[in-house]
Amino acid sequence: MLTKIKRENLIIIYKLLNDTLFIGLVFFLLALIGEGLLPGIITFHIGFSKIITVVFFNLAAVYLLANQLGIKADNDQTNKKTAYLLLFIVLLLVFNSLLKANIFFSLFILLVVVLIGIFIYKVIFEEN
Amino acid sequence: MFDLTKKIELDEKNYKHYRLFQTAVYLLALFLAVYLFIIIAFPTQFLTFSFLNPNSTKNNLANIRNSEGLFPERGRIEGTKPLTFDASVIGNYSTGRVSIILSKKSEEFVSASLNARKSYQAFFYPEGEPVGFRDGTAVKSEGNYYLVSDGKLKKFRNDSILETLGFDKNYFIETTAEDLKYNPKGEEISDISTYPNYSIFKIDNEYYILKDDILRKFVSSQAYLSSYADNQAIEKTADFLKKYPLSDDTEGFADGSLVSYGDSAFLVSNGKTLPIDSSITFENMGYSWDDLRKISGDEMAMYKKEKLFTIFSPHPDGTIFVTNEDQKYYLIKNNQKHSLPSSSAALSWSKNNPVIVSEMSLGIEGKCQLKKNPFSFRSYYCEIPLEKFKGLYGKDFEFVLNSESNIKIDTIDTSFKKSVTLENLKLAITETFAKIKGNYAY
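Respectively, the protein sequence lines represent chains A and B.
So that you can map any letter, position 26 of the first sequence is 25 in numbering that gives the first Met the number 0, and since no number is skipped, the others follow by simple counting.
So that you can map any letter, position 253 of the second sequence is 252 in numbering that gives the first Met the number 0, and since no number is skipped, the others follow by simple counting.
Pulled out of the complex, with its shape left as it was, chain B reads as follows:
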């Protein structure tokens, strides 16, 4: 072994001692290097939530709720009622460990179990009423022509009315009677002097939509195209603007649209923009880079900026999910997922590629019984193997804690571990190279 300080000499006995210690130091360094390699290649992800400090920025378990869907104040859970929370993790892990630290005032667990599922947070939302086509969509079925207006399906009384109003039959979306049943039937369109709500017009290359007999201009062509097809708008001259009052408010992008301004990407939802914190979040949310639209300052200015959209955030209103098994579409709205009858109905809500989910993932569950931690007085834990969730779409684990005691929780800690296996090592190396490649890609 080399000697960095050759010029500083020692007698033979002490030099032997030095060599011995030196070997030990380098061996220790080698062990340290191996240890560091293991924690880098097989990382453990920790997520936590403290009911003692619920507003802490360190809390990163999401959507903590009781059986009523409400946040359990001070961690109080009544017996037999479940506590649900979501953990967002990137990558595949081998085991998930959940530790529950009870308050001093809490009853002890008599029997408690934990169930886990994997998908996206928003896909765990309860299922709401199915929805049909979006307002403003022109559809045809069995020779009848309809416009979806005020949520209702309004049939054109006859072809003559349709043509007199300026609608082009060719641009109506062909669909089935089955798909149309999710939009309640409205009164027929029979008046040629007025347009039904959600009629769309193109005047001097700008798009307008009629809402409550007031015309609202789209902020840009691409904002319009995020909701409707180009050829759907009825061409009019500038004189038409005298027929209806013009709103000062402009129409923006469809909810769930992905836009970029400068170097940042944003999600548009409910009239607000949510800045996406990183490309890792973007990709792990299941979004496609092809859906990102570059927007101008004017387009951006119409929105109020919301808080950061991180890996811990649920998909916002306007997101469309599609199941990989049977191509079933869902729309996220008001913390519910609503099934959509068809891909054309989904396309009427969003022109983005839908986020792929697995219907099956809602039925695949991991389960474990909580055990008392022998090293901690009020702490209970259990471990769930995550192998069965491998390959499922989504990055969120939903945990449901079922107990029979009235408990008061101080802290929930979760840790996701990767086993040290050759397979995981190969995966880690592949992922690292992919990340480096991505880092240098322009």
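Chain A with its partners taken away, still in its complex shape:
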């Protein structure tokens, strides 16, 4: 079906899907922060599963269109500043979820999460 649509139009759709993916991820991140601060404030009205499903289908559509258009992801383009910011937010959310526990236990869990994260990153992305 995609072959019947003009390449220019497909590129427009691809670019727009990137925008909607960005919007979806911003919504998801804000929902996570809101839910971390006050459990139930978001999920009482809209479940995370719905947001995740929308983002997942958006991502799948971006992937399919990129294949169709022959667009390859540029690995060198990784925005380190954004990655570090997201990592910081993730760590804050993990720490926040453990706030009722003993502070040293929370810090220990946080350290374990960081170490596991580093090792997973190394296994997946580092060559050899």
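It should be emphasised that the hints constitute simulated quantities derived from the structure, not laboratory data.
The structure displayed is predicted, hence computed values, not measured ones.
Be a bit skeptical, because a hint or two may be false.
Claimed, not checked - The calculated lysine to any residue pairs, modelled on SDA-like cross-linking and capped at a C-alpha distance of 20 Å, are: (1) B:K436 to A:N101; (2) B:K371 to B:V109; (3) B:K6 to A:L58; (4) B:K271 to B:G317; (5) A:K71 to B:V109.
We have chain A already, so just place chain B on it with the hints.
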């Protein structure tokens, strides 16, 4: 506007198209964000009850009853007889909408109206006979000394009998003759060889109560203190235990007591504990955290655990209400509210802070006429503005449906809405910050 995919280029015409669509997408996202903000800041609370599936866990309208106080089987209501139901909501809402969906076999409404009041479910209970002091309470009035025993006011014949039995005059609660009239008069206490029922003793730092000539031990000091004052118990030595048989059953906390075990809070009522489902329920029921007593495993073990106490549950037996207008006390017992003569009588039933209610709230009513829903065949609805209920104590709305037809209801749906106003927005923000603060408080 930024372009997330700069490297993927388009000719000028198509790029303009893209920019146009991109603006539309971001505008849509903005509208969606505003819409989400509105439904979060101005939430609508939905409550429902289905007579087609009365045992469904989705049913959250409470205490549905006909004029006889019974649950109307299959939603059948005879003409001219009212149907009453309660809706529990947290927070202040602007309007309440009630929809009644009739069964296919039902008569249509000819004329029907709906009345609403706001308070606590248990405070809507019919008023029973006034009650006086609790069994075991020692009171004095106009120079006479009494013990409330078997529900009756038993007067000590003279000071000598009182002192011989070991009662200390100083620990009798001073009260008026007017307050004592709610306990029927019993025979005088004149025998120094036996103690009247509900005499209380302290033996080796443990408390006992005499019931039907059998001594019952309190499970703990704090269980005893939830009902009686420390200094009221007559000090005895261990030899005294030979005088009366000792029951295997232990005495627990006073009905309506709030206890905590582990991380959970419970209500004690009729020999059972009701686990309170959340701090939101605890606070919205009007309870005070100061009344929560930490209990041990032994104390907890004497109770059978009942089903969860939620925001939809009525206050259990043993609850004391006090009106904010004239400090009138009520005791909840067997689905009735019984007025109590004074604060000291209330204190004899429960040492907890009473739950504050508004006497006035029983007289403030909202009313609306049911209209046929033009978009639904058998559905009728009406809306009641809730502004007049603002500031009243309680979280429950009692709705009374008056109709002149013999009806059969399938479903009752209620929705409580908040108007989108600056005042409500300020309130929502204040409440959210308070909740966040509460969430992080230790």
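Given hint G317 (chain B) paired with K271 (chain B) - CA-CA distance at most 20 Å | Holds, at about 12 Å.
CA of K6 (chain B) to CA of L58 (chain A), is that 20 Å or under?
-> 19 Å, holds
Would you mind confirming whether the straight-line C-alpha gap from K371 (chain B) to V109 (chain B) stays at or under 20 Å?
-> 10 Å, holds
Does K71 (chain A) pair with V109 (chain B) here, judged by a C-alpha cut-off of 20 Å?
-> It is violated: about 70 Å lies between the C-alpha atoms, which goes past 20 Å.
For the pair supplied as a hint, K436 (chain B) and N101 (chain A), is the alpha-carbon distance within the 20 Å limit?
-> 19 Å, holds
In this structure, the one hint that does not hold is number 5.
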